[in-house]
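K.L.:
Each chain is listed here by its residues.
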Amino acid sequence: MIHKYTMSGYNIVLDVESGGVFVMDDLAFKMLDGLGAPMQKKCPNELFEKFPEYSQDDVKNSYDEIYSLYASNCLFSESNISADEYERLAENSPVKAMCLNVAHDCNLRCKYCFASTGDFGGGRKLMPMEVAKKAIDFLIENSGKRRNLEVDFFGGEPLLNFDVVKETVEYAKNREKNNNKNFRFTITTNGVLLDDEKIEYINHHMNNVVLSLDGRREINDRVRRRVDGSGSYDLILPKFLKLVEGRKDKDYYVRGTFTKYNLDFLKDVLHINDCGFDQISVEPVVCDSSCEYAITEEDLPKIFEQYELLANKIVQKKKNNHKINFFHFMIDLNQGPCLIKRLKGCGCGNEYVAISPDGWIYPCHQLMGVEKWKMGNVAENKLDQKIKKDFSKTTIFHKEECKNCWARFYCSGGCNANNHQYAGNILKPYKISCEMEKKRIECAIMIKAALG
Amino acid sequence: MEHIKSLNEGNLKQTACEGGCGECQTSCQSACKTSCTVANQKCEKDEDRAI
Chain A
33 MIHKYTMSGY NIVLDVESGG VFVMDDLAFK MLDGLGAPMQ KKCPNELFEK
83 FPEYSQDDVK NSYDEIYSLY ASNCLFSESN ISADEYERLA ENSPVKAMCL
133 NVAHDCNLRC KYCFASTGDF GGGRKLMPME VAKKAIDFLI ENSGKRRNLE
183 VDFFGGEPLL NFDVVKETVE YAKNREKNNN KNFRFTITTN GVLLDDEKIE
233 YINHHMNNVV LSLDGRREIN DRVRRRVDGS GSYDLILPKF LKLVEGRKDK
283 DYYVRGTFTK YNLDFLKDVL HINDCGFDQI SVEPVVCDSS CEYAITEEDL
333 PKIFEQYELL ANKIVQKKKN NHKINFFHFM IDLNQGPCLI KRLKGCGCGN
383 EYVAISPDGW IYPCHQLMGV EKWKMGNVAE NKLDQKIKKD FSKTTIFHKE
433 ECKNCWARFY CSGGCNANNH QYAGNILKPY KISCEMEKKR IECAIMIKAA
483 LG
Chain B
34 MEHIKSLNEG NLKQTACEGG CGECQTSCQS ACKTSCTVAN QKCEKDEDRA
84 I
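Line by line, the protein sequences are chains A and B. My numbering puts the first residue of the first sequence at 33, with every later residue one more than the last. My numbering puts the first residue of the second sequence at 34, with every later residue one more than the last.
You may find that some hints are simply not true.
To be verified - Restricting the straight-line Cα-Cα distance to at most 25 Å, the calculated cross-link-like pairs of lysine-lysine (DSS-like) are:
(1) Lys38(B) with Lys480(A)
(2) Lys213(A) with Lys75(B)
(3) Lys73(A) with Lys75(B)
(4) Lys38(B) with Lys470(A)
(5) Lys425(A) with Lys38(B)
(6) Lys75(B) with Lys350(A)
(7) Lys75(B) with Lys82(A)
(8) Lys420(A) with Lys38(B)
Claimed, not checked - Here are the computed distance ranges between Cβ atoms for each label pair:
(9) Lys75(B) with His354(A): 20 to 28 Å
(10) Lys75(B) with Asp253(A): 16 to 24 Å
(11) Glu77(B) with Lys418(A): 37 to 45 Å
(12) Glu77(B) with Gln88(A): 37 to 45 Å
(13) Glu51(B) with Val259(A): 49 to 57 Å
(14) Glu35(B) with Glu324(A): 52 to 60 Å
(15) Glu51(B) with Lys435(A): 31 to 39 Å
Treat the hints as calculated values from the structure; they're not laboratory data. The C-beta atom is built at its ideal place from N, Cα and C for all residues, glycine as well.
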């Protein structure tokens, strides 16, 4: 199976199974339309008639080049892995990542918050240290031989419970050596409580930090409001700048949300870049489709246009040695993850779990608080193996819409929680998310083509 | 080649045999948590391995 498209003047061809990506001239690109496996070695005579505007040498050479890619299994190639093989690997996956909701409380009242402004609908709570320690113990004990373990301090707003964050890091670090583990920490914050001490701590201990900012002041402040109703932009921007200045080579993302209110989100990405941040992620809102700010199908053309304009802007900036990295346009065509990794993009409920302040284990932060998804409690060190097994079978082989999608090895099946929220089934991808994801992948590949 | 430029080696299928160690970052596709296309993640196994 191949996927071909033209963007910004580049004719791009992706061979889905081999991962081969090619930029073709107009003749080779058009010629592909009538070709497929199996190919014959000799250029078929009808191609000379089909392309009379080109010389016979050009037609023959184009065909020969296409054939050579086919012969090396890089074009029209076929799959070599089955669902049965992967199922066996997936079921045995240990838990290796944990979202630690240290605070079900927040000091902002963002209109679009999926966590009901921080409490996940279950009352405002902070995670006690004892629960956090049990969660770390649980992760170590359920991680098998896996060495690299990830802990994401999340909420609500995790800085509301920063002492527990610090103590948890210390506890995990103390335990990692004897257990042959390597903890990697991330924190996601709205920045309101950042001060010099916290910035220094985060920059020293957190492998990654996600800083929430939606872009232009008026866009950010329309939805990201403080408890008193005032905007948060002016309060947090200087703190984020200070944090990133001290970050040096460590990872960070300034992460924003776009909604129907700012379908011109290109301006927000560029605004964040102009503020002095070069690691940027701006993502579509996740909410009930009845919300007035929800992204709907009729918004897609405008969103596609914005992604393309952004991709072209990034090419232009990079050619001028300007630093900018848009998270969704990152793609590694040569050193990326193996095929097995690509069969399932969402680790929830299987290799990834989320822990509530009371120690309840859920498949992920998005499914937090939903009774039917409770998988156990860290205090008991038990995990519901049936739910785990169900989630292990959320591969692209198990999702009908993914099986024949050209983007399946790049998106890897989407977000199971979104699938549940929108379609009531973790195996049923949400069409609007799929369309946006496909567009982002096309843009990401075009950037590679343009930058050579 | 005159008509076609390859952007990579296109040997993703081979990684089905040698991959699967699982040491890589857990991926999350949730938009609220800086979702990832899986393709942007690094392989932890061998930096020299080309896929």
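K.L.:
It remains to establish, for every hint, whether it holds in the given structure.
P.N.:
Going through the hints against the structure:
With a C-alpha separation of about 12 Å, the suggested pairing of Lys38(B) with Lys480(A) holds against the 25 Å cut-off. Note on Lys213(A) and Lys75(B): the hinted pairing holds, with a Cα-Cα distance of about 19 Å set against a maximum of 25 Å. Distance hint between Lys73(A) and Lys75(B) is unfulfilled; the C-alpha atoms sit about 37 Å from each other, more than 25 Å. Pair hint Lys38(B) plus Lys470(A) holds up; C-alpha atoms about 22 Å apart against a cutoff of 25 Å.
At most 25 Å may separate the alpha-carbon atoms for a hinted pair to count; Lys425(A) and Lys38(B) exceed this at roughly 37 Å. Between Lys75(B) and Lys350(A) the alpha-carbon distance is near 22 Å, which keeps this suggested pair within the 25 Å criterion. Straight-line distance between C-alpha atoms of Lys75(B) and Lys82(A) comes to about 44 Å, which puts the hinted pair past the 25 Å bound. For a cut-off of 25 Å, the pair hint linking Lys420(A) to Lys38(B) is broken: about 44 Å separates their Cα positions.
The hinted window of 20 to 28 Å between Lys75(B) and His354(A) holds, with their beta carbons roughly 24 Å apart. Separated by about 36 Å at the C-beta atoms, Lys75(B) and Asp253(A) break the suggested range of 16 to 24 Å. The hinted window of 37 to 45 Å between Glu77(B) and Lys418(A) is violated, with their beta carbons roughly 30 Å apart. About 50 Å separates the C-beta atoms of Glu77(B) and Gln88(A), a value inconsistent with the hinted range of 37 to 45 Å.
A beta carbon spacing of about 53 Å between Glu51(B) and Val259(A) agrees with the range 49 to 57 Å that was offered as a hint. Against the hinted window of 52 to 60 Å, the Cβ-Cβ separation of Glu35(B) and Glu324(A) comes to about 54 Å, which satisfies the hint. Separated by about 24 Å at the C-beta atoms, Glu51(B) and Lys435(A) break the suggested range of 31 to 39 Å.
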